[in-house]
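*Asks:* Sequence:
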Amino acid sequence: MAPMSRRSFLGAAAAAAAASSFGPTASAPRALAIDPIRRTRPSHLKLSIAAYSYRQFLTGDRPTMDLFDFVDLAADMALDAVEPTSYYFPADADDAYLHRLRRHAFLLGLDISGTAIGNDFCVVEGPEREKQLELARTWIDRAAALNAPVIRVFAGRTPKGDSEEAAVARAIEGFKAVLPYAEQKGVMLALENHGGITATVDQMMRLIEGIDHPYFAVNLDTGNFHTEDPYGDLARIAPYAVNVQVKTEIAPEGGPKQEADLSRLVGILRDVKYSGYVVLEYEAAEDPMNAIPRHVERLRQLIG
Numbered sequence: 001m002a003p004m005s006r007r008s009f010l011g012a013a014a015a016a017a018a019a020s021s022f023g024p025t026a027s028a029p030r031a032l033a034i035d036p037i038r039r040t041r042p043s044h045l046k047l048s049i050a051a052y053s054y055r056q057f058l059t060g061d062r063p064t065m066d067l068f069d070f071v072d073l074a075a076d077m078a079l080d081a082v083e084p085t086s087y088y089f090p091a092d093a094d095d096a097y098l099h100r101l102r103r104h105a106f107l108l109g110l111d112i113s114g115t116a117i118g119n120d121f122c123v124v125e126g127p128e129r130e131k132q133l134e135l136a137r138t139w140i141d142r143a144a145a146l147n148a149p150v151i152r153v154f155a156g157r158t159p160k161g162d163s164e165e166a167a168v169a170r171a172i173e174g175f176k177a178v179l180p181y182a183e184q185k186g187v188m189l190a191l192e193n194h195g196g197i198t199a200t201v202d203q204m205m206r207l208i209e210g211i212d213h214p215y216f217a218v219n220l221d222t223g224n225f226h227t228e229d230p231y232g233d234l235a236r237i238a239p240y241a242v243n244v245q246v247k248t249e250i251a252p253e254g255g256p257k258q259e260a261d262l263s264r265l266v267g268i269l270r271d272v273k274y275s276g277y278v279v280l281e282y283e284a285a286e287d288p289m290n291a292i293p294r295h296v297e298r299l300r301q302l303i304g
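Here the UniProt record's numbering is used: the first residue of the sequence shown is 1, the next is one more, and so on.
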């Protein structure tokens, strides 16, 4: 038998992990473009929180909170890090502002685990597409200034009247256009399963297989697969994750939202030896000021 290459070994290991999640009806594994993240240590999880969790306080005509207040809240909950979402930065935020925010977090013992943008790389050629690519480059610069190692990014949605095949091709080319700059700045781009052309695990795998770059990986969002088996689908992309955003609810296909099984989600991460930040991104109806500390404590118990 010919010796097994590192890519073949890792691909086989990822396929085996996925098969164990799906059972005997799992589809055959497909060729991989990026390797699963190679991790040899036991899973090491750290807690962060997304500023998006407090969106109603950070936006509007009279916001009652800014990002410095958000960092203070995270420190009060003894978290390890914060994820300041791009939407809540002042329009004129410059390096001086970014450095002040980074210093503020550092003095409170917090890392900046990453940031997040709302890009769409499916748009057709023209000024809007250039705007989307420039948004990514701008936030690569800002992430570097914040000392944030990763940006949560989207792929986008198929424009009306277009084909998904064409939209996927444009998304792949969009990532290929900005990833060299991300590498230059030392910032990873992590693709989220977020509707549109990333609504299902097979759609996610199509992009994972189409983008082969060391600074490209997955942002696993636990609440965004609305499929028959969202937990199984999350397990399939977990080997590629460099960042995880945990939602407290999950909505399988054909059913209502239900409380997420946080223990099962943490188990999926441990099964693939995921090490890194678990970012609480709270979206449920209950007042976040009351609900978030409770969910943080539950996650802390599970992580240990």
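Derived from the structure by calculation, the hints contain no laboratory data.
Do not rely on the hints blindly, as some may be mistaken.
[To be verified] Here are the in silico distance ranges between beta carbons for each label pair: (1) R62 - T200: 34 to 44 Å; (2) E164 - P252: 19 to 29 Å; (3) E164 - H104: 21 to 31 Å; (4) Q184 - E253: 19 to 29 Å; (5) E128 - E253: 16 to 26 Å; (6) D212 - F106: 11 to 21 Å.
[Stated by the list, open to error] List of simulated lysine-lysine pairs, BS3-like, C-alpha gap at most 25 Å: (7) K176 - K131; (8) K46 - K273; (9) K257 - K273.
Cβ coordinates follow ideal geometry from the N, Cα and C atoms, glycine included.
*Asks:* So, for every hint listed, does it hold in this structure?
*Replies:* These are the hints, each one checked on the structure:
no.	hint	verdict
1	R62 - T200: 34 to 44 Å	holds, 40 Å
2	E164 - P252: 19 to 29 Å	holds, 23 Å
3	E164 - H104: 21 to 31 Å	violated, 43 Å
4	Q184 - E253: 19 to 29 Å	violated, 41 Å
5	E128 - E253: 16 to 26 Å	violated, 32 Å
6	D212 - F106: 11 to 21 Å	violated, 35 Å
7	K176 - K131	holds, 16 Å
8	K46 - K273	holds, 13 Å
9	K257 - K273	violated, 28 Å
Going through the hint list in order, the structure does not satisfy hints 3, 4, 5, 6, 9.
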